[in-house]
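Trainee: Keeping their order, the protein sequence lines are chains A and B.
Start counting the first sequence at 1; every next residue gets the next number (UniProt numbering).
Start counting the second sequence at 1; every next residue gets the next number (UniProt numbering).
Calculated from the structure, these hints are not laboratory results.
Every value quoted in this text rests on a predicted model; they were computed, and no experiment measured them.
Careful: at least some of the hints might be erroneous.
[Claimed, not checked] Below, in silico cross-link-like pairs of lysine-lysine (DSS-like), each with a Cα-Cα straight-line distance of 27 Å or less:
no., chain 1, residue 1, chain 2, residue 2
1, B, K156, A, K299
2, B, K370, B, K183
3, A, K221, B, K35
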Amino acid sequence: MRKWKIILATFLIAGVSSAQEVDYEEYDLDNGLHVILHQDNTAPVVITSIMYHVGGKDRTEGLTGFAHLFEHLLFDGSENIATGTWDEIVSSHGGQLNANTSQDRTYYYELFPSNNLELGLWMESERLLHPIISQEALDREIEVVKEERRLRYDNRPYGQLLPVLGETLFSNHPYKDPNIGYMPDLESATLQDVVAYNEKYYVPNNAVLIVAGDLDISKTKKLVADYFGPIPKGAEITRNNPKEAPITQEIRKKAYDPNIQIPAAMVAYRTPGFTERDARILDMISTYLSDGRSSKLYKKLVDDQKQALQIGAFNIGQEDYGMYLIFGLPVGETPLQTLVTEIEEEVEALRMGLISEKDYQKLQNKFENDFVNSNSTIAGIAGSLATNYMLYGDTSLINREIEIFRSITREEIRDVAIKYLKPTQRAVIEYLPGDKMDN
Amino acid sequence: MMKKLIFTFILTLGVLGAQAQVDRTKMPEPGPAPKIKLEKAEQFKLGNGLTVLVVENHKLPRVSIQLDIDNPPILEGDKAGVASLTGSMLGKGSKSISMDDFNEEIDFMGASLQIYSQGAFASGLSKYFPRIMELMADAALNPNFTQEEFEKEKEKLITGLKTSEKSGAAIAGRVRQALAYGKNHPSGEFVTEESVNSVTLPDVEQFYKDYFVPANAYLVVVGDTDKKEVEKLVKEYFTPWIKATPPSVQFSDPADAQYTQINFVDVPNAVQSEIWVENLVDLKKNDPDYLSASLANFILGGGGFSGRLMKNLRQDKGYTYSTFSSLGNNKWGPATFAANAGVRNAVTDSAVVAMLYEMNRMVEEPVSDKDLEIAKAVFAGNFVMQLEKPATVANYAVDILKQDLPEDFYETFLEKVDAITKEDVQRVSKKYLKPENARIVVAGKGSEVLENLEKVTFNERQVPIKYYNKYATPTDKPEVSATLPEGVNVQSVVDAYFKAIGGSEAVDKITSLKLIYEGSAMGATIRSEELRTADRYAQTTFMNDAPMMGIIAKGDELFMKQGGNKVPLPEGMKNDMKKSMGIFAEQSFASIPDVKLVGIESVDDKKAYRIDVPGETVQASFFYDVETGLKIKEATVVNMNGQTQNQESFIKDYQEVDGIMFPSIKIGSMGPQQIETKLLEAVINYEVQESDFN
């Protein structure tokens with residue numbers, strides 16, 4: 001007997017128009033597949049999407065990049081979808097598709113005019129139930145992924161930035177390796193690896209299905225049961241990634257990129273996983289430091305002192321640990337160390353005292369604006385529902401996330417800066433023009 | 001009520017207990033097409049020429065404002081960069097609000113506001129809409145240009161140019177525009193450090209005065225507001241905008257290349273080649289051909305994965321991550337058709353050939369019914385799905401005005417797309433795709449790609465290469481030598497070879513090896529038997545089963561056997577032979593100091609790493625396929641008694657024997673004679689006898 005866990009999300013949020021509210025219904029199938037439905041009939045568009053809880057970090061040593069390579073393979077066909085016709089089927093029904101893989105999860109979707117809802121469910125259920133993966137497809141997609149790596153990392157200015165960041169902040173956890181993988185690892189992937197991966201991770205109990213847009217809830221439920229109900233449940237997945245010892249001494253490092261002329265200063269910190277409240281506080285700190293022309297670092301380094309061409313603070317959220325990066329490109333002959341010193345001055349100010357009431361109110365206004373914009377498309381809503389359920393463990397965050405930000409105090413902002421953004425916890429990377437053999 | 005509830009409950013149970021009610025072996029049929037409702041935008045015009053469009057949408061409490069000045073193309077000439085500098089100095093306060101206060105207020109509202117040289121965009125929560133509109137108008141119409149900001153923006157622009165200086169994609173993009181239109185055309189000119197340095201603050205002020213004018217301007221407001229509110233605000237804030245039209249500028253018409261040609265730019269750091277295949281087109285959005293031409297371009301290289309370029313270059317061949325084509329339209333003058341791909345160095349020439357092939361196929365053959373149906377479905381689907389965005393209605397309305405389209409252009413869009421035929425598609429392909437006049441701009445690593453690019457043909461004629469620097473100025477052919485990729489050395493090549501034939505672990509387990517190859521030459525059967533252990537080597541050539549000649553090496557001995565005679569070979573040759581002893585010659589490479597990875601050479605149209613093992617008498621070279629790691633050729637040069645003898649042997653078609661890959665075919669050359677031999681037998685860990693080496 002299936003458990004119906006119906007949650008009608010009807011929290012009214014103070015100060016925000018009720019037009020903001022995203023209504024949804026969620027439940028589990030017997031095989032463990034979590035289903036979330038959202039109805040919005042204002043435009044004749046429907047999305048079917050599945051997020052699998054598997055990403056770059058779920059791999060064995062020596063098989064980096066596997067999750068992403070695998071994502072490429074799942075567009076080839078299934079027992080009932082002839083090889084190589086996946087895209088054609090979507091296109092010929094006026095739809096769009098894509099997928100993406102992060103270190104933590106893999107996400108697939110089809111967006112259709114709403115009369116093709118059933119087609120989208122059929123395709124996603126076929127992909128989960130019995131995809132066909134051939135040696136030929138594997139050989140070809142290895143080449144395509146290698147090309148993607150060249151395009152996105154090896155041939156692109158500042159393309160080594162994220163890989164360098166990962167290898168600097170992590171020494172044991174798989175986050176140390178680039179999500180796209182290393183070339184030799186990609187080449188060594190075998191069909192056997194692929195099949196084992198599919199059996200382990202591509203199971204309904206490791207997935208969430210989202211159907212959103214111009215739909216009828218009860219008809220959709222029946223279709224979901226028909227297409228996904230018969231898919232067998234998989235074994236339980238345990239994740240046991242190694243922990244990292246805290247960084248207690250500043251790390252100094254140089255990295256090289258042959259595709260650049262202007263060096264970059266990187267100041268980076270290892271931070272907690274994105275489900276923690278502290279991670280959201282770090283999001284606020286990023287906004288405080290570099291979002292908008294009146295933000296602290298932008299105003300100081302770009303506008304007033306004219307030392308930086310660009311400056312940005314990013315909280316790169318991930319499930320197990322985050323990466324906090326402050327990144328600057330110097331103007332003219334400004335030494336990188338000057339940028340590092342200037343950055344630390346602002347971070348220190350955060351540790352030493354409270355931000356002003358006015359800056360605090362500005363942060364709140366910015367987060368409210370972002371919140372209003374975050375749910376403006378069906379595809380965006382589907383992505384948020386999947387992420388909130390699977391990675392944050394709480395679907396209702398789609399309507400409540402703003403409450404968390406509202407509850408963050410100025411004191412907490414200071415405390416989080418003290419906890420995670422000390423000079424002894426940072427890595428300072430000089431990212432320099434040059435051949436990468438020294439990396 | 002209760003009864004109904006129970007009924008529902010039973011129904012639900014039914015669904016749960018039963019197996020699937022659907023036949024998943026069949027693709028589901030689409031339901032009835034959804035109904036399309038295209039709202040109208042409201043419109044009004046100010047006396048200064050500004051046209052205002054309003055689309056109400058109250059789904060979310062937000063409003064966006066877009067200003068678009070639709071001026072004719074602007075030629076910046078030797079002051080290229082003045083437009084960009086003007087844009088970056090706008091939106092930073094006004095004559096009455098300082099930059100800091102301005103930025104602070106925008107950020108405080110959580111809003112965003114940018115002003116460009118020819119437009120502006122702002123968005124924010126509807127509660128702040130009136131103030132956002134006011135700040136936008138004030139900053140756009142009363143800019144405060146200062147020398148200090150000017151110097152700062154200039155330095156930033158120059159630094160910015162440097163960030164993309166070495167980017168293959170940026171170089172290719174610039175050069176392809178410059179070559180298509182000419183450097184003295186608004187679409188072909190580009191910004192350089194020199195041109196930026198020649199811009200002065202008065203130039204910026206003049207540019208603003210000339211071109212930031214309302215005659216061709218559209219203001220589009222979308223979101224949680226209404227016409228009445230917008231009209232009140234616009235009249236208040238935009239009426240002071242002084243009526244003016246921009247100066248008109250003359251420039252020469254660009255012309256296509258006279259014949260298909262490659263325009264090459266050397267980018268020595270590139271690991272990918274950036275390719276553009278392009279020609280000029282004369283297409284306006286209100287041409288009757290417009291939709292057919294867009295559809296044709298879509299079939300060739302439109303969005304998503306379904307274009308022919310994607311199918312050919314990505315799905316079939318794995319050359320690239322993505323490849324697309326675009327067909328521009330421009331009401332003022334020529335635009336371009338262009339196909340683009342970023343491909344790995346080794347397949348640059350093949351990718352060019354494939355792109356030309358697909359372009360030509362559009363011209364020469366009608367598209368299939370299926371291709372046409374898919375393209376139409378995608379156009380219809382995109383059209384329907386665009387309606388989700390409230391800005392779509394506004395964009396359509398502005399488009400009708402700017403492009404001089406029929407009033408019902410978008411209302412009848414789906415019908416027009418549906419009416420397009422295969423003949424239409426081929427006709428417009430012939431008209432707008434010109435492979436015989438195509439310019440193929442390639443920015444890539446000359447040392448690795450030029451040799452093969454020189455061999456590219458189109459319509460059975462060789463495609464000539466012209467060389468340009470990264471600023472599109474003609475240059476000489478770059479000096480290139482096949483430089484090796486980073487990190488490749490003798491060890492890595494040997495490792496790759498062992499990996500390719502079965503892994504070094506498996507290779508290391510072999511203690512002896514016997515290989516027999518057989519072929520025919522000069523009317524006789526030739527057989528070669530080779531026996532190897534770690535320190536002994538014996539090779540015998542049989543002719544019609546009779547031993548003809550043999551070479552044996554063991555310990556300190558090296559001799560040649562002819563009939564029953566043993567002829568010792570010279571001391572120098574002995575030392576050289578020692579270098580390639582072992583089960584596989586490659587096993588000794590690590591211990592020989594002068595073994596060298598020479599570079600990359602072509603072997604039978606394949607790229608191969610060449611490793612030289614120099615010697616006093618015998619110089620040996622080994623060639624390993626860059627792609628597969630397998631050895632594909634061996635060559636020796638023997639110098640003895642003042643004479644030189646060359647021997648080459650090509651090896652291919654590897655076959656697995658007990659977990660190890662052996663070449664099943666060897667083609668040896670002796671002078672003009674070629675002898676092909678086939679692998680007859682390979683015995684791993686063959687039990688060698690002492691007599692085998694006598």
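Trainee: Hint by hint, say whether it matches the structure.
Mentor: Do the hints match the structure? See the list:
With a C-alpha separation of about 15 Å, the suggested pairing of B/K156 with A/K299 holds against the 27 Å cut-off. Taken as a hint, the B/K370 and B/K183 pair is broken in the structure, with Cα atoms around 42 Å apart against an allowance of 27 Å. For the hint linking A/K221 to B/K35, the alpha-carbon distance of about 23 Å falls within 27 Å, and the restraint holds.
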